[in-house]
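One line per chain: the protein sequences are A and B, in this order. Numbered per our numbering, the first sequence finishes at 319, counting up by one with no gaps. Numbered per our numbering, the second sequence finishes at 319, counting up by one with no gaps.
Read the hints as simulated data drawn from the structure, not as lab findings. Check the hints yourself; a few may be wrong.
Copies of the same chain look alike in the list, so a pair counts if it fits in one copy or across any two.
Calculated pairs, PhoX-like style, for lysine-lysine (alpha carbon to alpha carbon, straight line, at most 20 Å) [to be verified]:
(1) K6 to K298
(2) K17 to K173
(3) K6 to K28
(4) K298 to K78
No experiment lies behind these values; they were computed from the predicted model shown.
2 protein chains.
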Amino acid sequence: MAVYTKVSAEEIGDFLKRFDVGTLVSAKGIAEGVENSNYLLETTQGQYILTLYEKRVDPADLPFFIALLDHLAAHGCKVPPMIADREGEKIQQLCGRSACLIVFLPGVSVSHPTEAQARSTGQALGEMHRALADFAPERRNMMDHDGWRTLADQCGQAQLDHIAPGLASVVAKELDHLDEHWPHALPQSAIHADLFPDNVLMLGDRVTGLIDFYFSCTDIRAYDLAVTHAAWCFSEDGGDFHGPISRALIGGYESALPISDVERRALPLLARGAALRFLLTRAFDWINTPADALVTRKDPQAFLRRLQYYQTHPEIFEI
Amino acid sequence: MAVYTKVSAEEIGDFLKRFDVGTLVSAKGIAEGVENSNYLLETTQGQYILTLYEKRVDPADLPFFIALLDHLAAHGCKVPPMIADREGEKIQQLCGRSACLIVFLPGVSVSHPTEAQARSTGQALGEMHRALADFAPERRNMMDHDGWRTLADQCGQAQLDHIAPGLASVVAKELDHLDEHWPHALPQSAIHADLFPDNVLMLGDRVTGLIDFYFSCTDIRAYDLAVTHAAWCFSEDGGDFHGPISRALIGGYESALPISDVERRALPLLARGAALRFLLTRAFDWINTPADALVTRKDPQAFLRRLQYYQTHPEIFEI
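When you get a sec, could you build the whole thing from the sequences and use the hints?
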C-alpha cells in the first residue's frame, strides 16, 4: 500500500514511447493493491495504471495473469488487461523491475457494501467463473489448503497464543478437521482467490471492474465463492455476520452460474478454510511486522471470529 | 508520502455532495506532498485533489494558505486553489481532520531539470513574488534563521557527528557566521520556501503548477530564490553543481522580477542558509527516523555538500 519504486516523470515519459497511448500529462504514485508500485497516469489519450512488480509477485507468474485477464476481457468480464507495446509485448522492464501498463477502470471500492452491491459482485464472480470454464493455463495456489499447516508451523504455537490465548489449539484442531474433510474432488478452475471489497470497483450498484488478480490461481471454484463470502459478509472485525449480504452475494453468483449440490454442501467447510487462510496469513504478517511499522497490521482475530462463526453456523449456506 | 487517513469511497461520495463538482467516479490515495493524506478524485465533472491535513499542518494556518493561493490565482499564477462548497466554505472537516477539495493541475514533476525548465521555474517564482507584493497576510517561517540553532541543539553534537564526522563543528561555525551576517533588512514577502522540483508541475518546458504551499510563510524574498537554487542546481546527492541550470534559474527569475544589488550581494549567504536549513531538518529526521522505517530517510549530507559548495563558491551568483 505504498510506492516502493520511485520512477521519475522522465522515465515514465520515455516508457510510454513504447506504446501508442499519447504523451504524459500527469503521473501520481498511488497507494493500492498488494506490494507493488502503482502509478496513475494521464496522457493526451486517456488514463492508465503503471505497475512495477515488487517482491510479492514472481515475474514468472506474469504470463498466467496476462492470459487470464485477456481471456476474461475477451469474454466480456470487466477486468483491466495489460496493454501491449508496439511490438506486441506486455511484460516490460522499468527501473530494474518487471512492469506493465494497464487499462484504467473507473469505479470505487466500497467499504460498507449494500445488498445490491453484494448481489452485483456475486454475479460478476459467477460470470468470471463461467468465462473461465475453458481457460487452460494453470497456476498453483501458493496459499492453498496444503500450505496452511506449514504457515501455522512458521507462526509457532507460542506466537499464535500471544495473539489470542488458545489460538494455537483452535488452529491445530481446525487444520485436522479440514485435512479430514477437505473436498478435493470439487470442480477446479482459475479463481481470483482474493476478491475483497478493495478489489471490486463499483459505480453505484454496478460492478465496473474486478482488479488485483495477483493471487489468482487454479483451485476449487467454490472456494473462490467462500473467500468472497468471508471477505464481504461480516463487519470488518468479524464480530457481526450480515445475513442479507450473504444471501445477496450467493444469489447473485447463482444468477450467473449454478452451484451444484456437492458444492453447496461443501461451502461451510470451504468457508472455514477461507477464514483460516486469512487468519493464518494475517497472523504471520502480525508476528513478522514490527508494531511500530508504518504499514497497518491487519488483526488476525477478525478472521478468527469469522472462523468461529462458520464453525457454528453451517446453515447459512442452506439457501 | 503515504496515505495516513483511510477515507472510504462512501465518505468521499458524501463529502462531494457539499460541492458542485459532480458525482464520484474514481478515488485513489496518492503518495504526494508533505505528511498529509491525499486522494486523486475523478468525478462526472473533472479531476480534483482531496487533502486531509495530518499533524505537520496546523489547521490554524489554513486561512493563510487559502488566502495566498486565491491571491496568486487571481493574479494569473498557476497554483491550485481550494474549492468552496455551496456555502462558500473552503475548510472542511472529514474523518476528524481538516480537509480541502483542491483544483487538480496537469503536469509532472521533473527529476533532472533542463535549462529551459529551470528558466521557466525561475520565471514562475519571480512572477509569484511580483504578484505577492500587495499580499498582506503574514505567517511566521517555522523553519527560519532564528530556529536553526534550536534545531541543531535538538539534533545534538554526538548525533550530528554520527551522521558525518565533524558535522557538529561545521554546523556550529556556520550558525555563528550566519548570525553575524544574516541580512535581516532585505525585502520580505510571502514566499513558497520549499520550491523543490517535486513541487513544480511541468508539461515539456512549461510550468503548469506550483504546488504544496504548506511551508509558505513571510520571510526574505530573495531567500526563496536561494532555497529554489539549492533545490534545483545540484545533483541529488549535492556532489555536482550545475552552472547552466543555476544561470537559467536566476535569469528566468530576473525576467519576471529584478534582483536588487543588495539582494544579489546577499544571495551567497542566503544560499548557505538555505543549505543549512535542509541539512538540519534532514539531520533531525535522520536521527528521529528508524533506519528500517518504510519512509526513505533523505541523506543530510546531500545538503552538507551544497553548503560546502556555497561556502567556497560565492561567485556563482555574480551574473
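Each hint tested on the structure:
1. K6 to K298: This pair counts as between: shortest inter-copy Cα distance 14 Å, intra-copy 26 Å.
2. K17 to K173: Neither: 56 Å inside a copy, 50 Å across copies.
3. K6 to K28: Both: 11 Å inside a chain and 17 Å across chains, each within 20 Å.
4. K298 to K78: neither (28 Å within a copy, 41 Å between copies)
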